[in-house]
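Peer 1: Sequences listed follow chains A and B, in order. Here this note's numbering is used: position 33 in the first sequence is 33, and no number is missing along the way. Here this note's numbering is used: position 249 in the second sequence is 249, and no number is missing along the way.
Hints are all accurate, no fakes.
According to the in silico footprint, chain B covers these stretches of chain A (three or more CB under 8 angstroms from chain B):
no., stretch
1, 26 to 36
2, 268 to 281
3, 290 to 303
Hints listed in this document are in silico derivations from the structure and should not be mistaken for laboratory results. Using N, Cα and C, we set each Cβ at its ideal position, and we do this for glycine too.
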Amino acid sequence: MWRYLARRSAIILPTLLVISLLVFLIIELPQGDYISNQIAQLRAIGEEEAIAKLEFLRKEFALDQPFLLRYLIWLGAWPGPSGFDGLLQGNFGWSFEYQQPVWHVVAPTLPLTMLLNGATILFVYLISFPIGVFVATRQYTLADYLFTLLGYLGLATPNFLLALILMYLGNVWFDISVGGLMVPEYIGAPLSIEKAISVALHLITPIIVIGTAGTAAMIRRLRANMLDELGQQYVITARAKGLSERQLIWKYPLRVAINPFIADIGNLMPALVSGSVIVSVVLNLPTVGPVLLSALAAQDQFLAAFVLMFVSALTLLGMLLSDVLLAFVDPRIRLGAEARR
Amino acid sequence: MTQAHYVNKAPFPPPKDPREAERLAKLGERSATANFWRRFSRHRVAVICLWVLALFYLSVPFAEFLSPYNPQLRNAEYLYAPPQPLHLFHQGKLIGPFVYPQSAKVNLERLTWEYTQDTDRPVPLRFLCRAGEYQLFGFIDSDLHLFCGQGNAPVFLLGTDRLGRDQLSSLIYGARLSLTIGLLGVSISMLLGIILGGLAGYLGGLVDSAVQRLIEIIRSLPELPLWMALSAALPVTWPPLWIYFGLTIILGLLDWPGLARAVRSKILSLREEDYARAALLMGASRQRIVFRHLLPGFSSHLIASASLAIPAMILGETALSFLNLGLRRPAVSWGVLLNEAQNISVVIIYPWLMAPMVPIILVVLAFNFVGDGLRDAADPNRN
Numbered sequence: 001m002w003r004y005l006a007r008r009s010a011i012i013l014p015t016l017l018v019i020s021l022l023v024f025l026i027i028e029l030p031q032g033d034y035i036s037n038q039i040a041q042l043r044a045i046g047e048e049e050a051i052a053k054l055e056f057l058r059k060e061f062a063l064d065q066p067f068l069l070r071y072l073i074w075l076g077a078w079p080g081p082s083g084f085d086g087l088l089q090g091n092f093g094w095s096f097e098y099q100q101p102v103w104h105v106v107a108p109t110l111p112l113t114m115l116l117n118g119a120t121i122l123f124v125y126l127i128s129f130p131i132g133v134f135v136a137t138r139q140y141t142l143a144d145y146l147f148t149l150l151g152y153l154g155l156a157t158p159n160f161l162l163a164l165i166l167m168y169l170g171n172v173w174f175d176i177s178v179g180g181l182m183v184p185e186y187i188g189a190p191l192s193i194e195k196a197i198s199v200a201l202h203l204i205t206p207i208i209v210i211g212t213a214g215t216a217a218m219i220r221r222l223r224a225n226m227l228d229e230l231g232q233q234y235v236i237t238a239r240a241k242g243l244s245e246r247q248l249i250w251k252y253p254l255r256v257a258i259n260p261f262i263a264d265i266g267n268l269m270p271a272l273v274s275g276s277v278i279v280s281v282v283l284n285l286p287t288v289g290p291v292l293l294s295a296l297a298a299q300d301q302f303l304a305a306f307v308l309m310f311v312s313a314l315t316l317l318g319m320l321l322s323d324v325l326l327a328f329v330d331p332r333i334r335l336g337a338e339a340r341r
Numbered sequence: 001m002t003q004a005h006y007v008n009k010a011p012f013p014p015p016k017d018p019r020e021a022e023r024l025a026k027l028g029e030r031s032a033t034a035n036f037w038r039r040f041s042r043h044r045v046a047v048i049c050l051w052v053l054a055l056f057y058l059s060v061p062f063a064e065f066l067s068p069y070n071p072q073l074r075n076a077e078y079l080y081a082p083p084q085p086l087h088l089f090h091q092g093k094l095i096g097p098f099v100y101p102q103s104a105k106v107n108l109e110r111l112t113w114e115y116t117q118d119t120d121r122p123v124p125l126r127f128l129c130r131a132g133e134y135q136l137f138g139f140i141d142s143d144l145h146l147f148c149g150q151g152n153a154p155v156f157l158l159g160t161d162r163l164g165r166d167q168l169s170s171l172i173y174g175a176r177l178s179l180t181i182g183l184l185g186v187s188i189s190m191l192l193g194i195i196l197g198g199l200a201g202y203l204g205g206l207v208d209s210a211v212q213r214l215i216e217i218i219r220s221l222p223e224l225p226l227w228m229a230l231s232a233a234l235p236v237t238w239p240p241l242w243i244y245f246g247l248t249i250i251l252g253l254l255d256w257p258g259l260a261r262a263v264r265s266k267i268l269s270l271r272e273e274d275y276a277r278a279a280l281l282m283g284a285s286r287q288r289i290v291f292r293h294l295l296p297g298f299s300s301h302l303i304a305s306a307s308l309a310i311p312a313m314i315l316g317e318t319a320l321s322f323l324n325l326g327l328r329r330p331a332v333s334w335g336v337l338l339n340e341a342q343n344i345s346v347v348i349i350y351p352w353l354m355a356p357m358v359p360i361i362l363v364v365l366a367f368n369f370v371g372d373g374l375r376d377a378a379d380p381n382r383n
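Construct the complete structure from the given sequences, taking the supplied hints into account.
Peer 2: Encoded structure:
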């Protein structure tokens, strides 16, 4: 078991390394960089003094080096102008737009980002599990058709549009502002129970919005898995031996059907994280989503790179968690790793 | 050394049920493609959705004719005009489809436009009328439109936006980019998926593990943030057409792993089939075996997976344009139109700006159903 977990966690490091190269490549795709763009602007006005300062800054951030060297310096695997100082050393770079270290810009948004994604996964699990089992045991009833229809609608409605619709309805029907993290009067107010409640209430909408598509997919998957199992002979045997329906379902078919269900939550992670980024922009939540958007618009490359690295790492972490959970639930995985030796 | 190959000439014992025997006989007579479409046609919802999609795509080449106005046309007198309901009866008399003309007034207290309808003066729609000129298919000069209003009273069935541009016309024109971007993107991702998945599945070894690792990594990345970063890299100075093709490449670039994985696993399993071995023994080249013998064996699968990937691409374009990272005016797509709806306080006053959602959801829903139907038809033994 521990061997499996150790090996599974160890894969993350080389994966992150490859991702860092991909991310850096993507971030460097636009022509020029933040500072050289500013230099071009200043040159148009003719401010020579400021240009000299910016040229110095370009050297300072190693922007004048070739691509591979820039990457290695950013990573911290090559001595830059200030020695080994990159991701590996815990320096995430400098945000040109905010004139601050990247870490200072994003740090306040990270807890909420993780909270939002964690809560959404929990929501997907908690909602899709009982409903999936419920509709599978009542195939072709009204409830089954209703949830199937809702599921298809949930899959087809893009989450940022759902966010818009809910904001509109919330405003028109209930006269409440759905967006933002809390009611405006609590902004800047000291932490209190009312403020916490306000934040929690404002998190409900984004969680539902981000989780809906995933929940719909999971319900469909669990329903199909359960139906496959319910048709098996051992279910008939158990029933013939007089097991009560509830005992039967919880004890046998559910245990088999739950494995692909858990594995799929891991596959859902990228979509959930994607959703949290755009929904945060629409609902104006202070997560990394809006930060990424503004960083991309301003070509604030190190800031954007860090956010991309962070969301990728978050996805990998979610997948790891689902694999760990799967190992706990499924003895074949935990013992199989040892048997294969 | 020759060895006689023993084949029993006797026919298979016929099934006991005569109806089953007949079904099997027919199954053998029809081509695999015909059988595939027969299975698909049993999925009634999927067939309906296929027709819906066909209608949507049919409107693409005829957008100029179907839409009453040019979507770039600004009507300074009709800013944020609300949708005009279609009526048939005026004061109890049937006079065909008509609308009531409306005129704008600024509400200085709330700083919004308010429209009043003149219910005494019905404006009947004109059909197959001559209005703004355009070029059909890019080279046929025409000024024929399906319907239009009267000269002094324009018709905005779905309202107008902040510059007085007709929403209905914008939606019809927008379908052009929004619907085709998915098809192009999927073609790119299919090309990549078939090449890389095919190489991995057929060559095996180092190539296989390299492609597999790449698939795993790309699949574990959140798509949208990467799409955002990639499309932010498209130069702002590019003309809309270039941005459009750039976007299709971006959307296809991250989507191929799913297809490549399917191709790889199918080739791995089909490679072991007797007919593949027979082709190999007869001296067919690897290339011929893969493309002539193996690929047709799962092409229906590929079509099904592709049709399930298209809606994701359409939504990708919509999301990017919505965030101002994808297409921009003067290009018109559903995402570009939704960009107008980004500010919630505007949407609350002028809710018809959300209209592009309806075709988006319809198309995505239809593609999902068609994809499900195709997948079931491609794999009849799945359940």
